[in-house]
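Participant: These protein sequences, in sequence, are chains A and B. For the first sequence, the numbering used here begins at 1 and goes up steadily by one. For the second sequence, the numbering used here begins at 1 and goes up steadily by one.
Zero decoy hints are in this set.
DSBU-like cross-link-like pairs, simulated, lysine-lysine; straight-line CA separation at most 35 Å:
(1) LYS3(A) with LYS134(B)
(2) LYS247(A) with LYS126(A)
(3) LYS332(B) with LYS252(A)
(4) LYS169(A) with LYS358(B)
(5) LYS126(A) with LYS101(A)
(6) LYS249(A) with LYS71(A)
(7) LYS404(B) with LYS3(A)
(8) LYS71(A) with LYS126(A)
(9) LYS181(A) with LYS354(B)
(10) LYS185(B) with LYS145(A)
(11) LYS334(B) with LYS170(B)
(12) LYS220(A) with LYS358(B)
(13) LYS5(A) with LYS134(B)
(14) LYS64(A) with LYS78(A)
(15) LYS334(B) with LYS101(A)
(16) LYS3(A) with LYS131(B)
(17) LYS26(B) with LYS47(A)
(18) LYS360(B) with LYS46(B)
(19) LYS3(B) with LYS256(B)
(20) LYS235(B) with LYS383(B)
Bear in mind the hints are in silico, worked out from the structure with no lab data behind them. All figures in this text were calculated on a predicted structure; none of them were measured in a lab.
Chain by chain, the residues:
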Amino acid sequence: MAKPKVGFYDITGCQGCLLSVIFNEDEILDIINAVDIKEFRFIMGEKYDGPLDIAFIEGAVVSKEDLEMVKRLRERSKVVVALGTCACHGNIPSLRSFNEKNIEYLKYDKKNEKQKDFGEPSPIIKHINVEYCVSGCPPDREEVKRFIKEILLGKTFYNYQDPVCRECKLNENGCLLDHDKICLGPLIKGGCRAVCPTSGLECYGCRGLIDDASFEDYFKLMKEKGIDPVMVKKHMETFAGIEINEKLKGTKWEKLH
Amino acid sequence: MGKITLNHITKIEGHARLDLEVDKGKLIRCELGSVEGSRYFQGLLKGRAWNDAPEITSRICGICSSAHGVVSVMALENAFGVKASEQTITLRELQTIGERIRSHAAHLYFLALPDYLGYESAIQMAPKFGKEIKRALRLIKIGNDMVTAVSGRVMHQLSTTVGGFTKLPKQEELDDFRKRLTDAKEDVFETAKLIASLDFPSLDSDTQFFSLNRKKKYAVSYGDVKVGDEIFKQKDYLDVIEEYHEPHSNCNFVVKEGKSYYVGALARVNNNFDLLSDKAKNFCKEIGFNVPCFNPFKNNLAQAVELIHYWEDTINILNDFKVRPEDIAKFKVKESHGIAGNEAPRGVVWHEYKIDDKGKIKFANVIAPTTQMLRNIQDDIAKYVQIMLDSGKKKEEMVLEIEKLIRSYDPCFSCATHFLKVRWH
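Okay, chain A solo, but in the shape it has when bound (with noise of 0.2 Å):
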């Protein structure tokens, strides 16, 4: 059997996710002898346009050519996955639309200007159809093992759906919403072996929300706890913002700013 043509893709975002295909240090030229990689622009100069079976991509859009890239890509792939919460969220480069207000636009640079009339930047999910979504930011080295492992059996892969509390409770951490820190662990998929708050450090939420997430609860929750309704929305924002938002859309919460 012909090993599978795959290509790994950046568009906007920190390359992170695709070092965290390679800094599976033990596996990865395993990874490689099994399949066939046609590009992988971060360490190959190679250039391929020809059909894929696979095609990872890491990046949020933000311009007209990681616009292009991504359909481009979709048109050659059988199976396109969306490689971390950038790709799958919007993640980071997104944030800049909840802060408009903030940005200096590089009034001397055209091409800044050309970016600010393409829109607000959006998760690769927006653009194109995808199979899979690996979300994390970063996304977990042993997730993105298991997902290759299993795509290349023929397996369907799963995404966790549980809260991050769930794992959180397994590692038998102590809570973080009981020191006050905006965790927001109730209200997002796990997966992530709960890294974060096991580390000490409250979820930002880079999986994005669990189906039967309750906004009512978690507002009332950090309003007796005194924190301020605006900075527990902005840190919601920080990576699924994007996914959040549209849930707050007609609510109370909505123009929280």
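Since the structure of chain A is provided, determine the placement of chain B on it from the hints.
Facilitator: Okay, now just chain B, sitting in the frame of chain A:
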């Protein structure tokens, strides 16, 4: 010859483009710039809580997220008047060194080496150079595991925070590193020997070397700044360097008194040679690596020298280091202003914040190493292209040489704002 455009330079971190114009054998235009999409980090931070700064700025770059995360914490400490404990300083250094070991190993083997061995990429190199690639992966793994043990994750730190650590590494983990590092001696020295055996092109950069500098310790974090013979305090950075914009680029350029300067491994080795570890100095002597060295291609050699230094230094640190339980330093969030610089793998990175009385960020400034080296790379390309034009080199050969030169700087265009598109005009 006319015009050359290198439109997406590959095997670098991020996206960049180069435009060259040649008229009658003379280079008349050389413009290097970033084509990375802008993310506007400084604007994103405004109005947010002070403690969001390290979380957001570490996302500037995947490969040097620790450098950003740590310097962000240090700038906030300078703002709030927090004095980090000796243990905290040592652990931050270990995090920074771990990141540097993985970054240098990754850059040398995967990005630089294929240029010198005549391969298109490390993937094509793998069948014949399997031993070397495996060695690289072992070094990367040690670096990654150090970063993970100290900061909680391989990138985008978790436990490193203002005033200390929310979770301390276990002594067994650090003891394990000391043993693994000791066992990695052959990997470190074989790497250095391999890099020293490469045939580096000749080029003299008209530059000044810019790095952190401490009296008794080779540049990692903390300390004053040394540029040429001058020493200045970190807080005075904007009195010394100046950002300006060139219309062809998505990122700014930085100069010191109108002139370009050099940041990164070569600058650190040149400025701090006497502070290198014994084995690193001996290695330099053996291979005849003398400072000051103005050849930008030899930044790769300086990275190899640093690998030896950081390897030896880390073992020495770990020999005497016992983790003790320690609370995070108490501090009061107040209206304040803080500045800090830190050595990222590819040079000094600057973070500056102004915080209001409610603890919100009202101003943020970040100057990444690639922004600072950009003008120096551009000047070096102009000089090197003219030398190659004069010696009658073919266009294709020149493009390869230009890419090799750019790559030797180990630039990171995610930080600076992506890499090489050359357009020959």
